[in-house]
Structures are given as structure tokens and as C-alpha cells.
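Colleague: With the hints as constraints, model all of the structure from the sequences given.
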Amino acid sequence: MNEHIIEIKDLKKRYDEGKIAALNGLDLKIKKGEFVSIMGPSGSGKSTLLNMIGALDVADEGTIKVAGIDLMKTKDLSQFRSQEIGFVFQMHNLIPNLNVLENVEIPMFENNLNSKQMQERALELLKAVGLEDKIRQTPNKLSGGERQRVAIARALVNHPSIILADEPTGSLDSKTGDIILKLLRDLHEQENVTLVMVTHEPYVAKMADRIVYVRDGKVYEEDDKID
Amino acid sequence: MSYFSLILKNPFRNKTRSALAIVGIAVGIATIVALGLVTGGLKAATSETLNAGGSDLTVTEANSNFMSGTIDESRVGELANISGVKNVAGVLRKTPIINTSVEGGFGSFSVNGIELDKLSVVDIEGVNGSLFSPGSNEIIIGKTAADSLDKKVGDTINLFGEDFTITGIFETGNIMYDGTAFTSLDTLQDITNSPGEVSTIYIQAQDDTNLTELSQTIENTYPNELSATSASALTDRINEGLSIIDSATWAISLLAIFIGGVGVINTMIMSVYERTREIGVLKAVGWRSRRILGMIMGESIVLTLIAAVVGTVLGILAAVAGLSFLGGEISPAYSLDVFLRGFLVAILVGVLGGIYPAYRASQLPPTEALRYE
Ligand SMILES: Nc1ncnc2c1ncn2[C@@H]1O[C@H](COP(=O)(O)OP(=O)(O)O)[C@@H](O)[C@H]1O
Ligand SMILES: [Mg+2]
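First to last, the sequence lines map onto chains A and B.
When we follow the working numbering, the leftmost residue of the first sequence carries the number 1, and every step to the right adds one.
When we follow the working numbering, the leftmost residue of the second sequence carries the number 228, and every step to the right adds one.
Heads up, some of the hints might be wrong.
[Said to hold, decoys possible] Just the calculated beta-carbon pair ranges, DEER-fashion: (1) A:Lys-141 / B:Ile-471: 58 to 64 Å; (2) A:His-159 / B:Ile-496: 20 to 26 Å; (3) B:Ile-574 / A:Gly-18: 44 to 50 Å; (4) A:Asp-60 / B:Ile-496: 53 to 59 Å; (5) B:Leu-553 / A:Asn-111: 57 to 63 Å; (6) B:Ile-479 / A:Arg-14: 50 to 56 Å; (7) B:Tyr-586 / A:His-4: 47 to 53 Å; (8) B:Pro-592 / A:Asn-111: 20 to 26 Å; (9) A:Glu-189 / B:Val-578: 45 to 51 Å; (10) A:Gln-190 / B:Val-578: 44 to 50 Å; (11) B:Leu-553 / A:Gln-137: 54 to 60 Å.
[Claimed, not checked] Computed cross-link-like contacts, DMTMM-like style, restricted to lysine to aspartate or glutamate with a CA-CA straight-line distance of at most 25 Å: (12) A:Lys-73 / B:Glu-595; (13) A:Lys-65 / A:Asp-216; (14) A:Lys-65 / B:Glu-556; (15) A:Lys-65 / A:Asp-209; (16) B:Lys-236 / A:Asp-16; (17) B:Lys-236 / A:Glu-132; (18) A:Lys-65 / A:Glu-222; (19) A:Lys-206 / A:Glu-189; (20) A:Lys-32 / A:Glu-7; (21) A:Lys-206 / A:Asp-133; (22) B:Lys-345 / B:Glu-365; (23) B:Lys-236 / A:Glu-120; (24) B:Lys-379 / B:Glu-398; (25) B:Lys-345 / B:Glu-305; (26) A:Lys-75 / B:Asp-417; (27) A:Lys-19 / B:Glu-595; (28) A:Lys-141 / B:Glu-501; (29) A:Lys-218 / B:Asp-434; (30) A:Lys-182 / A:Glu-110; (31) A:Lys-73 / A:Asp-27; (32) A:Lys-12 / A:Glu-221; (33) B:Lys-313 / B:Glu-300; (34) B:Lys-236 / A:Glu-146; (35) A:Lys-32 / A:Asp-70; (36) A:Lys-9 / A:Glu-222; (37) B:Lys-313 / B:Glu-452; (38) A:Lys-32 / A:Asp-209; (39) B:Lys-236 / A:Glu-110; (40) A:Lys-12 / A:Glu-61.
Keep in mind that the hints were calculated from the coordinates and are not lab data.
The C-beta atom is built at its ideal place from N, Cα and C for all residues, glycine as well.
Modeller: Laid out in C-alpha cells, this is it:
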């Protein structure tokens, strides 16, 4: 398991007409199946880093290769996002007029699946996150933790190779947050999916195989934990 | 869930806003449909009235109202001798006082006196039952009149103080005739005390006759006495009026497209704006720009199609109400054409109104969309 699924070298990204350097020559390598926590002060570039890995945005300079794809050279990245990446945001970002099942089905529209196959796969994931009895509920009827479970199911539904979680427990109380975290970690192990998670909580970060500290758009410390 | 059912669901998220947009477009569609139905009805009615087999020229007393006026019966025979004339019928028209009104007829119920062998000139080729005998109190009545007077063959009807036996019922398809009755000219002249009088003379011309020249000849022969109108001249004048209404319909359609389009653009831009974050999520989960574009365009077309259905129903109601207000002699002309026009305009509005908001949505940078509060 030495293969790197994420290889980032000297990555730079500026916003607001160059006034803000969100990434300032960042280097990072992540192995396939690894669980990495990203920590750092607010505004240090953690979300920007995740967005670059997930191809939601394009860097100005440097190299970034994810799942064998050079993201600086690929034009249409929607297929990459659909096949390789699952996002979990701080806000659940569920679609309010769709029920739980339909929300989980949304990423599968780009795969050539029929409605029945889509539903079967979504149900499988909803069972895995323990929501099989709430599939017809709309998001506003769910608790914060339940919503985040739906978001996790949605992130995993297309069999991604990487889960990018940006402060997934940031809007939850600590008890609920713990449950969500353990769920993410368990699913990462079961599905053998790479997990990159931004968090502010040191005890949360410690669950990971490795902690990466980011400051001013750079990695300034990597903490390889010895299990 | 299918992509299609997702598109169907979204317009109902903000019901008030969608309803307003739908009403706006529906009013436009309703106008188009209503005008289409009414002009179609008018066209059908005039061509029925004026082009129905019967006569080519209508001769009336000069300077008199189309429906009143009297002509000396001797003119009937004289007109028959003018070259180019094939057949001539003098008709005396009288309006009896009866208790029941005739609905769906052309004006009030009138009784026409005509010579038995001239019935074909007024387009009556046959009857259900038998024709009247000359000089008798026998009468044939039109289908529309029979229906609203609730009369059938063999019944009697009291007109001008005399009992008439209904011997037959006819149907020409011409609203001018079907709401009336025909009896022997002699009888009607007798009982209404109008000896030697007719109201109108109908002329059938020979096939190669120039109708304009013929009517000129008649008017020159009887200056200040007779006036002749060719059916086709009348049709032309009416068609001219109708084509003005047609252009107005198109102008209104364009206006409806424009106003409806602006309404849809506005509605969809607001909808996209409110769902900025959600569109960011759709991109994050791998939706192609094209799919987002299609979704918003689809939602826009769903809105305008609903408006098309609502507008069509409103348009039909308006046309029916309007025409019955005008007396109910003309019925709306339901044609696929009119409804297709309404739906095409609706789809056009949906596409035109949807393009820009859909394009905007599809081009939203995902990171900015996701940062959107
Ligand atoms: N899309 C954007 N437009 C403008 N500025 C941005 C954008 N994304 C991030 N930034 C800026 O870049 C810096 C890093 O942001 P971010 O990566 O979100 O930090 P973190 O997630 O570590 O708090 C911040 O100063 C932020 O305001
Ligand atoms: Mg952040």
C-alpha cells in the first residue's frame, strides 16, 4: 500500500485578484486507503486544499495528481468528481424538497443506472449509515446528526476512491459528532476508501493515521502517528 | 427517482412565485387561444353564410337595411331575363310574434315565403318529411328553429294568427337559414297583407359570369331601386376584417412571448440564485454542466407548459363566454391549430426564458457556489 493516490507539489492558488494567497506552495502526498486529518487555523487554506483535491477549483501553479489524473491538465473534471470523489461538507447541503433516498440518489444521475438500480444502491448506503427507516423523510425532519449521515451516504454512493470531509462535525454537538466521526472511520475501513478530513478538534484528528498541519497555505508539520 | 421527476418537482418549491409566473404566461396563452377560437368561429360562420351553395348575388332595396326593405315582385321575372342569370328567387321575409325565442339562430325567428321550385336557390336541397304545397298553410322549418321551438314534422305552429302544419324540417348548415322557416310565397303575402312584395331577390349566376359586372348591370338598370351584393365581395370584406384580427392575434402573441419570457427569466433567475449552494453541491457530486443546464431549462419549460394548460382552459372559457355574450350565433372554432399555437408559444417562452438562467447556473464556479450563504 505504498501507492500515492494524492500527489501535490508546490501548489499555489490566489483569490481576489491575487490579493489572497490561499495556497502558497503546498506539498502533500497521501497514500491509497490512508486516513489523514488536516488541521490549521481558520483561513489557512484547508478548504482550498480539499477543493483542489476534489477538482472543484483549479490551482494557479504547481502540480496536483489525484487517482492518476493530472488535474492541472484535465478539462472536464465532472467525470473525475463523479467517479473518484465523495464530499462531506460542514453543512449537510442536502436538497430540501427531496427525501433522504432521493438526496442519496442525486450523484448517480451521471452513471448509466436505471431508477431501480439507483434506489438499490442508495438503500445499501442508507442501511450502512443506519437510516433505512427514514428514507422517505425530508431533510428538515431530521436531526443534525441524521442529516450528516445522509450526506455521508451521498458521498459514498458512487464508490469513490477518496472521501473529502471538510469539518464534518463542525455544526454538531460533540456527542453526535463522535458518532458521525466513528461512522466515517468505519466506512473508510470497510470500503477501503482514502479519507481526508479537515477538523479543529485535536482528539478527532488523533483518530487518523496521520495529521497534517497547514498554516498560511503551506504544510508546516506532519505528524505520523505510530500505531 | 428519475431526472425527469426531479425537473417536475423543482418548480413547486416556491409555489407563490411559480404560480405568479404561470398566471402571467397563462393570460398571454389564453388571449392567443381565445382570439384564435373566435376568429376561427367568425371565419367559419361567414363562409357558411356567404359561400353556401345557394345564391351568388343578393338583391335588396337600395338604401335600405339588409334585412328590411321591399321590392316589387315583378322584378323577379325581369331579373331572370338579364344575361348571365341562371335562376332567381324572390323571398318575402316576415317576423312573427311567437312566445318562444329561437336560440342559436341568426337574429329572431323569421318566416320566408318562396316559390316551391326555387328552394335550391336558398340552399334547401331536401327536407326531412315533405315540402309545402303552394298556396297552402304548410311550412318547413330549419333544424335550429325546430329544436328551440320544440317542433317536429306533423306539429302545428301558429304564425300571424294562422295555424301552419309543419311538413318538413331542413338543415342547410347555413346559420342564416337554419333558424328560419319557409312557406309558400303566395300564402305569406296573403296572410301578412303584402301582395306582390318580396324582401330579397337571390340570384344564381351562370358559371362563367362576372359577378361584379352583373351586379353593376342590375344596379344600373334599376338606379336607386335595387342594390346587388355579391357573396364573394362580402366575403372579401369580412375576410379583410378577419385578417386584421389575425395580425392582431400575432402581435398579441409576440407581446405575450415577450412579457412571459421576461417573467420566466425573472422567476428562474431568482430560483437559481436561491439555489446557488445546491447547484454547487450538484457540481461537487459530479453533475456535468450540461445536466444542470438541462435541469433549469426543463423547469422553465415545465412552468410554461403548466401555463399553456391553464391558459388554454381560460382561453376556451373566455371565447365561449364572449361569443355567447354576442348572441351565441357563432360558436368557437376548435381546431388543433389554435391549441398547437398556444403550446408552441408556451414552449418558446419556456426555452427563451430558461436559456439565460440555465446557462448562468451551469457556469457557476462550484467553490463560490458552495461558499454562498
Ligand atoms: N472562492 C474564494 N474566493 C475568494 N477568497 C477565497 C475563496 N476561497 C477561499 N478564499 C480565501 O482564501 C483563504 C483560505 O481560505 P480557506 O481555504 O477556506 O481556509 P480554511 O478552510 O483553512 O479556513 C481565506 O483567506 C479565504 O477568505
Ligand atoms: Mg474551511
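Colleague: Confirm or reject each hint.
Modeller: Hint by hint, here is what the structure shows:
1. A:Lys-141 / B:Ile-471: 58 to 64 Å: Given about 59 Å between the Cβ atoms, the range holds.
2. A:His-159 / B:Ile-496: 20 to 26 Å: Given about 36 Å between the Cβ atoms, the range is violated.
3. B:Ile-574 / A:Gly-18: 44 to 50 Å: holds, 46 Å
4. A:Asp-60 / B:Ile-496: 53 to 59 Å: Roughly 31 Å apart at Cβ, these two residues miss the hinted range, so it is violated.
5. B:Leu-553 / A:Asn-111: 57 to 63 Å: holds, 60 Å
6. B:Ile-479 / A:Arg-14: 50 to 56 Å: Once the Cβ atoms are compared, 54 Å apart, the range 50 to 56 Å for Arg-14 of chain A and Ile-479 of chain B holds.
7. B:Tyr-586 / A:His-4: 47 to 53 Å: violated, 38 Å
8. B:Pro-592 / A:Asn-111: 20 to 26 Å: Given range 20 to 26 Å: holds, Cβ gap about 24 Å.
9. A:Glu-189 / B:Val-578: 45 to 51 Å: holds, 50 Å
10. A:Gln-190 / B:Val-578: 44 to 50 Å: holds, 47 Å
11. B:Leu-553 / A:Gln-137: 54 to 60 Å: Holds - the Cβ-Cβ distance for Leu-553 of chain B and Gln-137 of chain A, about 56 Å, lies within 54 to 60 Å.
12. A:Lys-73 / B:Glu-595: holds, 21 Å
13. A:Lys-65 / A:Asp-216: Judged against 25 Å, a Cα distance of about 22 Å means the pair holds.
14. A:Lys-65 / B:Glu-556: violated, 79 Å
15. A:Lys-65 / A:Asp-209: holds, 21 Å
16. B:Lys-236 / A:Asp-16: Distance of about 37 Å is beyond 25 Å: violated.
17. B:Lys-236 / A:Glu-132: holds, 23 Å
18. A:Lys-65 / A:Glu-222: holds, 20 Å
19. A:Lys-206 / A:Glu-189: holds, 16 Å
20. A:Lys-32 / A:Glu-7: Since the Cα atoms of Lys-32 of chain A and Glu-7 of chain A sit roughly 11 Å apart, the hinted pair holds (cutoff 25 Å).
21. A:Lys-206 / A:Asp-133: violated, 32 Å
22. B:Lys-345 / B:Glu-365: holds, 16 Å
23. B:Lys-236 / A:Glu-120: holds, 22 Å
24. B:Lys-379 / B:Glu-398: holds, 13 Å
25. B:Lys-345 / B:Glu-305: Between Lys-345 of chain B and Glu-305 of chain B the Cα gap is close to 16 Å, so the pair holds against 25 Å.
26. A:Lys-75 / B:Asp-417: At roughly 97 Å apart (the allowed maximum being 25 Å), Asp-417 of chain B and Lys-75 of chain A break the hint.
27. A:Lys-19 / B:Glu-595: holds, 17 Å
28. A:Lys-141 / B:Glu-501: This hinted pair holds, its Cα atoms lying about 21 Å apart.
29. A:Lys-218 / B:Asp-434: Violated. Lys-218 of chain A to Asp-434 of chain B sits at ~99 Å, over the 25 Å cutoff.
30. A:Lys-182 / A:Glu-110: Outside the cut-off at roughly 30 Å; violated.
31. A:Lys-73 / A:Asp-27: Given that 25 Å is the threshold and the Cα spacing comes to 18 Å, the pair holds.
32. A:Lys-12 / A:Glu-221: holds, 18 Å
33. B:Lys-313 / B:Glu-300: Distance of about 18 Å is within 25 Å: holds.
34. B:Lys-236 / A:Glu-146: Measuring from Cα to Cα gives roughly 23 Å; hence the hint holds.
35. A:Lys-32 / A:Asp-70: holds, 16 Å
36. A:Lys-9 / A:Glu-222: Answer holds: Lys-9 of chain A to Glu-222 of chain A is near 15 Å, not above 25 Å.
37. B:Lys-313 / B:Glu-452: Holds. Lys-313 of chain B to Glu-452 of chain B sits at ~22 Å (cutoff 25 Å).
38. A:Lys-32 / A:Asp-209: It holds: about 12 Å lies between the C-alpha atoms, which stays within 25 Å.
39. B:Lys-236 / A:Glu-110: holds, 19 Å
40. A:Lys-12 / A:Glu-61: holds, 5 Å
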